[in-house]
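Visitor: The lines below spell out each chain.
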Amino acid sequence: MPPVIFYLLTLAVFAAIYAILALGLNIQWGYTGILDFMYIAFVAVGGYVTSLLMLQPAQPAFGETYLLGLNWPFIPALLVGGLASALLALIVGILALNRLRSDYFAIVTVAVGLVLYTIAGNDTPLVNGWDGISGIPQPFQDVLNLDANSYGFFFLGLCIVILIIVYIFSERLYRSPFGRALRSVREDEMVAQGLGKNVFALRLKAFVIGAFIAGIGGALLVIYVDAFNPSAWTTGETFFLWAALLLGGSANNRGAMLGALIVPVLFAEATRFLPTSSLPPQYIDAFRYIAIGILLILTVRFRPQGILAEKRFRVRKSKLLAPEVATAGGGVHITDADLADDPGTLAEGAANAAEEGNTL
Amino acid sequence: MSQTSPDAATQGATATVRTPDTIILDVRNISKSFGGLRAVDNCSFTVTRGSITGLIGPNGAGKSTAANLITGFMRADAGQIVFDGKDIAHLPPHRVALSGLTRTFQITRELERMTVAENMMAAPHDQLGESFWLGLLGLPAVRRQENEYLQRALQLLRDFDLYHLRDEYAGNLSGGQRRLLELARVVMAKPKLLLLDEPFAGINPVLASRLSDYIEQMCREKGITFLIIEHNLAMVERLCHTVIVMALGRTIAEGTMAELRQNAAVVDAYLGES
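Heads up: the protein sequence lines correspond to chains A and B, in order. My numbering puts the first residue of the first sequence at 56, with every later residue one more than the last. My numbering puts the first residue of the second sequence at 247, with every later residue one more than the last.
Isolated chain B, as found in the complex:
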């Protein structure tokens, strides 16, 4: 019934790969096919540590598949994914998360029949009380850690303006509040890199603006690197330092939005074959 230390397990299973220290995520020639369709086709890109990087592209470009490959929810057919110096391409999703790469989902997913505060408390990785025996015995060390996490959770909820909803079931939140909770929850897990899959989908402009403020604040104050998949190009332009463009499963360009507007390949990808 004992759990092996996640860190030790992660290190044991993965070879250390040399990358410049400024690169936190190095995606190298990954591919994924579904039957005859090559959803991701020899795709490569890098994400700079401490940056907010955008990943854009027309529908069917392979962005969400790439996100699933990077976070371990799907297994790549080929290629390497180097995160923080380790190849994570063959790790299951929970091990990827434990290594510091956490994601949100295109359609918000909450732990609906758990309260907002419990959603937050479920997030931290190194919980002593998640071992069966320690949890059952409820030793002082477990209680102390619970208290610490609860305080951190409440402060984060306050920062995300969800404090007054702490005892509400997550399933009762509005769409916008769900987005905020999802972001607060992944921040609670103290990730090094956060992959957000269309965080601005289906929320009003005011909330979108607040959300982007939060993202900048988390990047600045907590040193979290962001990789954001997004269709709302105005938000991408406002937030992202660098933008990667995917089309037909490959990376076709990289740069600032201003640069990309001048790029013929990008314009083609969005407006159709010329």
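In isolation and in its complexed conformation, chain A is listed as follows:
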């Protein structure tokens, strides 16, 4: 395979995986307004758990130690990896989501992320510490027996299939009354409570669902790069995903995927091609963070809704009231004088009606 094709294939796999990750974060932040700064830890937990289940038992004689090593097949390992992330979210959520305002909750997530990072690095028997794990079996390769090139395309297909499933799931969730309740919590917690919504339960569910998706994406990521240690999931990685979601468009699943294509792939991967001859290598990394930071500031300043804004639900024409019912009125009728406080309203209403004529 020509190097260019191989490189593009790699980028496409990363794009698909990051798109999955951005969709999970979108459920937490875009739908529900939860500030989660430990998102990358959910990615890591899913990645580790899936890998540990799929790996052969550790061989301490070769200087590697990790838990499990059960030689599981891919699908159950993937699901358990997702569930492990979900369980972590459940624990953190039960402890902190109920008691803390969202900004304080955000600080808790940063702290939990750092604690997990430190434990994973230093407690070597768990996941082989800073050296990390590697040698994870390739999913389905035992039955497929493909050559390395063909397997690359197969894995891309696998990632895309999972991305499509996660996308359809996310869209259905968004459009459901459950998704509407999540958004009501995002918009105004007190109004939601006043309407009988259990804000804590809704937040907790969104947090857990997002973490499950993070775990699934993390499993794919770790399997693909086939080497994973704590330096791959620093807090900075969380902000790559945040930048992707905010730039692409919070609460818009296509926006989240677009952001995942632009930020982690173009910024983090494509910058490998920057001329490095004159600069120490660590500068490249610093430039990436600077670029992401500037991008984030520009987005929030000039297009806070992101490239693709949240979609507006319009009432379908077929569901509207019959014209004679719509104008009959329940009792009190509108007059021009009623609108004296806002002369723009009538024109606005008319414009609205015209707009609808075009869109439906």
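Heads up, none of these hints are tricks.
The calculated label-pair distances, taken between Cβ atoms and stated as ranges, are: (1) Asp323(B) <-> Val280(A): 50 to 60 angstroms; (2) Phe61(A) <-> Leu383(B): 37 to 47 angstroms; (3) Asn418(B) <-> Glu226(A): 19 to 29 angstroms; (4) Val355(A) <-> Gly421(B): 23 to 33 angstroms; (5) Arg321(B) <-> Glu226(A): 31 to 41 angstroms; (6) Leu383(B) <-> Asn177(A): 40 to 50 angstroms; (7) Val513(B) <-> Lys366(A): 49 to 59 angstroms; (8) Phe195(A) <-> Leu383(B): 23 to 33 angstroms; (9) Lys436(B) <-> Ser373(A): 24 to 34 angstroms; (10) Leu64(A) <-> Leu383(B): 35 to 45 angstroms.
Treat the hints as calculated values from the structure; they're not laboratory data. Built from N, CA and C at the ideal position, the CB exists for glycine as well.
Start from chain A and add chain B according to the hints.
Guide: Using the frame of chain A, we list chain B on its own:
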């Protein structure tokens, strides 16, 4: 991921308390302090079922705190709040709402990045599709219920003259339209008692008059009891059957506005110590 039935949970957690059936809300000796300040101090009053009751008093009388205590947004230090035969004093706000006592806010609060129609659709309590699995699967029962609620929402929007704005973001509405939407939204939730916190604040007299027509209509046609906190005494006189006066955290008088004008304690509270 399943939600327990809100009704069952409410009944399980609260003791039934005997009150006359004509009383929908019985506030008994509630108190609330903030540091050394007793914002609500051993306050008691009742609201008659089917009435429009006013709650007035000078600034700092404790009206808004009382509203927060009644609706569960704050926890009372002491006292009982009996709503529809159940003590609700220790319920969280969403459980109070599920029991049929809903409120609006002094400063209108909308779900701004949701459309007017979505604001309405978020209101009903017993939505099957608000369970994760049922919502995700989108079963026919869920779709049927969505359709029913959508029709009800559109009819209410029509009644409140917001029908033409159904697809507009709530955040783009004018102040008056926000008041109407807030009222329409709580009516959508089918409450037994609606607590309105200064519904006439900052809106023009014509809209205020319309709003009061709506309130009377909702009371008459839908049997909703209203408890209205308000500074605009002319509106209170026009709307309310009974008026409760609070000062310094306590109830000091109760009656019609005409009676209250003759009451020395009320006049003192409004005009200062005599």
